[in-house]
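**Q** Chain residues, written in single-letter form:
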Amino acid sequence: EPEVTQTPSHQVTQMGQEVILRCVPISNHLYFYWYRQILGQKVEFLVSFYNNEISEKSEIFDDQFSVERPDGSNFTLKIRSTKLEDSAMYFCASSIQGSSEKLFFGSGTQLSVL
Amino acid sequence: GESVGLHLPTLSVQEGDNSIINCAYSNSASDYFIWYKQESGKGPQFIIDIRSNMDKRQGQRVTVLLNKTVKHLSLQIAATQPGDSAVYFCAENIRDDKIIFGKGTRLHILP
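Read top to bottom, the protein sequences are chains R and B. Counting from 17, one number per residue, gives the positions in the first sequence under the numbering used here. Counting from 3, one number per residue, gives the positions in the second sequence under the numbering used here.
In case anyone wonders, no lab produced these hints; they're calculated from the structure. There's no promise every hint is true.
Listed next, the in silico DSS-like pairs over lysine-lysine satisfying Cα-Cα at most 25 Å (straight line) [claimed, not checked]: (1) B/K70 / B/K58; (2) R/K58 / B/K73; (3) B/K44 / R/K99; (4) B/K73 / R/K99; (5) R/K58 / B/K70; (6) R/K94 / R/K73; (7) B/K105 / B/K44; (8) B/K58 / R/K118; (9) R/K58 / R/K94; (10) R/K118 / R/K73; (11) B/K73 / R/K118; (12) B/K58 / R/K73; (13) R/K118 / B/K44; (14) B/K58 / R/K94; (15) B/K105 / R/K118; (16) R/K99 / R/K73; (17) R/K94 / B/K70; (18) B/K105 / B/K70; (19) R/K58 / R/K99; (20) R/K73 / B/K44; (21) R/K118 / R/K58; (22) B/K73 / R/K94; (23) R/K99 / R/K118; (24) B/K73 / B/K105; (25) B/K73 / B/K58; (26) B/K73 / B/K44.
Examples of chain R residues toward chain B, derived with CB under 10 Å [claimed, not checked]: (27) F81; (28) F107; (29) G114; (30) F121; (31) G122.
Backbone N, C-alpha and C fix where the C-beta goes; we use that ideal spot for every residue, glycine too.
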């Protein structure tokens, strides 16, 4: 069964450093998402992306965050200058027809900011 | 807003019994609802969904009930098995292109 893949599975970085989290969505999907989950808490929406544009973003997704689809297969989340509170599990998801259909999630990247 | 370190509600069920997990959603304009299962160290996994024009939908061993009057969603798991141990999240599609997750319930299966 096709799946969303994310790399790396774990990322450790120093505060203030830039990180790029990578995702390969399911190949025929057109809508892409990033969510994050702080340990023990709920899954929080960050951003949705369609047709090379951000369609929705949350208040968490400030100027330090950006997303990109650099080619036909990858979807990335960049955090420009990481903060301690950015430590979380980051999930990528994709969907065929946007949020009116189910999202398929990757296994996540655990980001630890020291 | 929520406090840091929020504890998830927990439901403990005897193996073989039925489980009922409840969720209150926030937006009366939401038109699509999903239940996800999250096992430790993994991403959310789709279980079942329901649209706002329905009040019940059944899958294999799972049933979702939607009560739009009180903005309530429930997930029923029949004959609960050890593999059902996980955190269960309800999620809603709030117009536009985002799905918002609820707080989650941790399901423990007792032997």
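**Q** Of the hints given before, which are not true for this structure?
**A** Hint check: 4, 12, 14, 17, 22, 23, 26, 27 fail, others pass.
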